[in-house]
Amino acid sequence: MTDAPPLSHRPLWQTLARNRTALASLIVLGVVVLAALAGPWLMPESASQISDNQFAPPSWEHPFGTDIHGYDLLYRVLSGARVSLAVGLAGALVALGVGTTWGLVSGYAGGRVDGAMMRIVEVLYAVPRLIILLVAINAFDKPMKEWLLSMEWERLIPYSRILILILALGLIEWLTMARIVRGQVLALKSQTFVTAARALGQSHWKILARHLLPNLIGIVVVYLTLTVPAVILDESFLSFLGLGIQAPQASWGSLLADGAQAINPVRSYWWLLVFPAVAMSVTLLALNFLGDALRDALDPRERR
Amino acid sequence: MLLVLFCVVSITFFLIRLAPEGPFSQERKIPEAIEKALLAKYKLDGTLWQQYTGYLGDLVRGDLRLSTQYRGRSVNEILAQTFPVTAMLGALAFLIATVGGVTLGSWAALRRGTAQETGAMLAALLAISIPTFVTGPLLVLIFALYLGWFPVGGINSTWSFVLPAITLAGPYVAYIARLTRTSLLEVLGQDFIRTARAKGVGEWGVVTRHASKVALLPVISFLGPLAAHLLTGSIVVETIFHIPGAGGFFVHSIQNRDGFLLGGVVIVYCTLLVLFNLMVDIAYTWMDRRIKLE
Chain A
83 MTDAPPLSHR PLWQTLARNR TALASLIVLG VVVLAALAGP WLMPESASQI
133 SDNQFAPPSW EHPFGTDIHG YDLLYRVLSG ARVSLAVGLA GALVALGVGT
183 TWGLVSGYAG GRVDGAMMRI VEVLYAVPRL IILLVAINAF DKPMKEWLLS
233 MEWERLIPYS RILILILALG LIEWLTMARI VRGQVLALKS QTFVTAARAL
283 GQSHWKILAR HLLPNLIGIV VVYLTLTVPA VILDESFLSF LGLGIQAPQA
333 SWGSLLADGA QAINPVRSYW WLLVFPAVAM SVTLLALNFL GDALRDALDP
383 RERR
Chain B
12 MLLVLFCVVS ITFFLIRLAP EGPFSQERKI PEAIEKALLA KYKLDGTLWQ
62 QYTGYLGDLV RGDLRLSTQY RGRSVNEILA QTFPVTAMLG ALAFLIATVG
112 GVTLGSWAAL RRGTAQETGA MLAALLAISI PTFVTGPLLV LIFALYLGWF
162 PVGGINSTWS FVLPAITLAG PYVAYIARLT RTSLLEVLGQ DFIRTARAKG
212 VGEWGVVTRH ASKVALLPVI SFLGPLAAHL LTGSIVVETI FHIPGAGGFF
262 VHSIQNRDGF LLGGVVIVYC TLLVLFNLMV DIAYTWMDRR IKLE
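Just so you know, the sequences run in chain order A and B.
So in this note's numbering the end of the first sequence lands on 386, straight run, no missing numbers.
So in this note's numbering the end of the second sequence lands on 305, straight run, no missing numbers.
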């Protein structure tokens with residue numbers, strides 16, 4: 083961990099353009115994001131309404147079929163994509179903030195501070211974070227709503243659950259980011275430009291912000307692409323258990339929970355499971371592929 | 012390590028007590044005297060600090076207290092019935108993940124640059140990306156409903172554990188395979204391996220006797236997090252396959268605000284993990300020292 087590899091000097095986008103899987107992943111992601119943003123808006127008003135047409139199999143009218151309430155499943159999957167992607171991205175950004183700060187301080191301070199901070203990270207890795215997190219979400223659900231009310235942000239109340247999820251998931255997925263940033267800082271710290279800055283009498287704060295942080299951006303972006311799928315997965319895990327996104331809102335996890343319930347020996351409404359599953363798996367796969375390719379491009383040691 | 016447990020217990024306790032709704036605040040108003048008696052029975056009276064120290068004291072004596080939802084049953088009793096099931100599922104998944112992952116990873120590393128390796132690694136990334144609650148129902152659909160090889164759910168026989176354990180282990184087989192492959196490739200490029208080869212040790216011997224000791228270190232340090240992931244994941248898998256393990260009670264205890272049951276599950280899970288991590292740490296230093304001696 084100590085001797086982090088030097089950063090590659092070829093521009094990131096150039097390496098990316100050469101890697102066909104990464105490029106394909108980027109295109110797939112673009113399509114998914116575009117569909118999630120524009121889809122629900124382009125679809126007819128009736129698609130978002132409850133109808134009597136329950137459990138209709140896929141047809142021209144309803145390409146993905148309909149669910150137990152007669153909702154059009156395509157509409158549900160697309161609006162679920164909005165929630166899942168938004169939580170994934172925002173949660174990953176929270177993780178980025180915490181992880182980068184933690185890693186920066188730990189790596190730069192070194193010595194005992196570093197030892198203690200990394201020990202905490204190690205312990206957190208081994209604790210069932212998601213389980214403790216569930217307890218926390220449960221505890222803060224009501225206070226969050228009251229707080230929003232007292233701040234006169236009533237408009238945000240339907241989204242309070244999402245906000246808690248974003249914060250909470252961000253607060254558990256920062257560990258890897260902290261480790262990577264620390265390793266990178268340790269490598270950078272001993273380089274001459276940092277020594278020079280210190281010799282010139284620059285403050286610690288300035289060295290961190292001006293010299294170290296800009297050199298970390300590449301690796302941070304890579305691990306951001308790898309954190310997004312992790313957060314999406316966590317969110318869907320919670321929603322699957324009925325403890326994340328609450329009805330009538332939907333995310334891929336809650337749709338999959340409905341789908342899994344519709345599979346039984348008597349009758350299988352397969353489309354309720356298959357379409358959300360495909361949407362989610364394809365997105366996660368594309369994100370992981372992209373992250374892997376970026377990491378290979380940036381971090382020669384991890385290269386295959 | 013005890014400190015970690017203490018922190019987990021304290022955080023859990025205060026998070027549960029912080030929740031504004033108590034276990035008895037229902038729509039129907041209970042008479043004050045009865046509520047008082049209930050609170051006393053479940054030791055929820057007194058100041059927060061008194062409750063906290065009282066709870067800690069009971070925990071030290073091994074008493075996880077009464078469940079507020081399942082009237083008349085103690086948390087110890089519920090966990091004694093359900094936890095072995097979860098542990099069995101977890102142990103099986105653990106075995107599949109480690110053995111399967113290391114085998115697959117070594118195999119891929121030895122076939123470096125072939126289409127087989129690319130295929131195996133693609134499959135691994137696919138397995139990591141698909142959540143268990145997708146693979147689970149799909150496996151049920153294929154192997155239980157269409158082919159009828161395995162039961163759909165429940166725990167009637169050992170066979171019923173096969174599909175859940177595979178579902179639970181799936182992503183981690185893939186993760187460990189990737190970990191093993193990367194570190195084995197790195198180790199195989201080092202000098203002492205060249206020496207071993209020069210001595211005339213066969214390819215198989217190089218991997219099993221020389222490279223594996225170093226290459227498996229990252230895998231061993233992942234065992235702790237793996238156990239944590241498997242315990243968390245088992246909650247979902249138990250839901251999918253209708254397995255009466257501790258996971259279901261965990262979810263219900265959150266929905267029913269059954270504080271002591273919730274605390275009991277969290278504490279038992281964490282104690283187990285802390286102990287397990289201690290063992291992994293010991294194993295790691297032991298293996299590490301052997302390497303240093305060589």
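Just to be clear, a hint being listed does not mean it is correct.
Within a straight-line C-alpha distance of at most 30 Å, the following computed DSS-like cross-link-like pairs (lysine-lysine) qualify [unchecked claim]:
#, chain 1, residue 1, chain 2, residue 2
1, B, Lys-224, B, Lys-210
2, B, Lys-224, A, Lys-227
3, B, Lys-224, A, Lys-224
4, A, Lys-271, A, Lys-288
Keep in mind that the hints were calculated from the coordinates and are not lab data.
How the hints compare with the structure:
no.	hint	verdict
1	Lys-224(B) with Lys-210(B)	18 Å, holds
2	Lys-224(B) with Lys-227(A)	53 Å, violated
3	Lys-224(B) with Lys-224(A)	52 Å, violated
4	Lys-271(A) with Lys-288(A)	13 Å, holds
Hint compliance for this structure: hints 2 and 3 are broken, all remaining hints hold.
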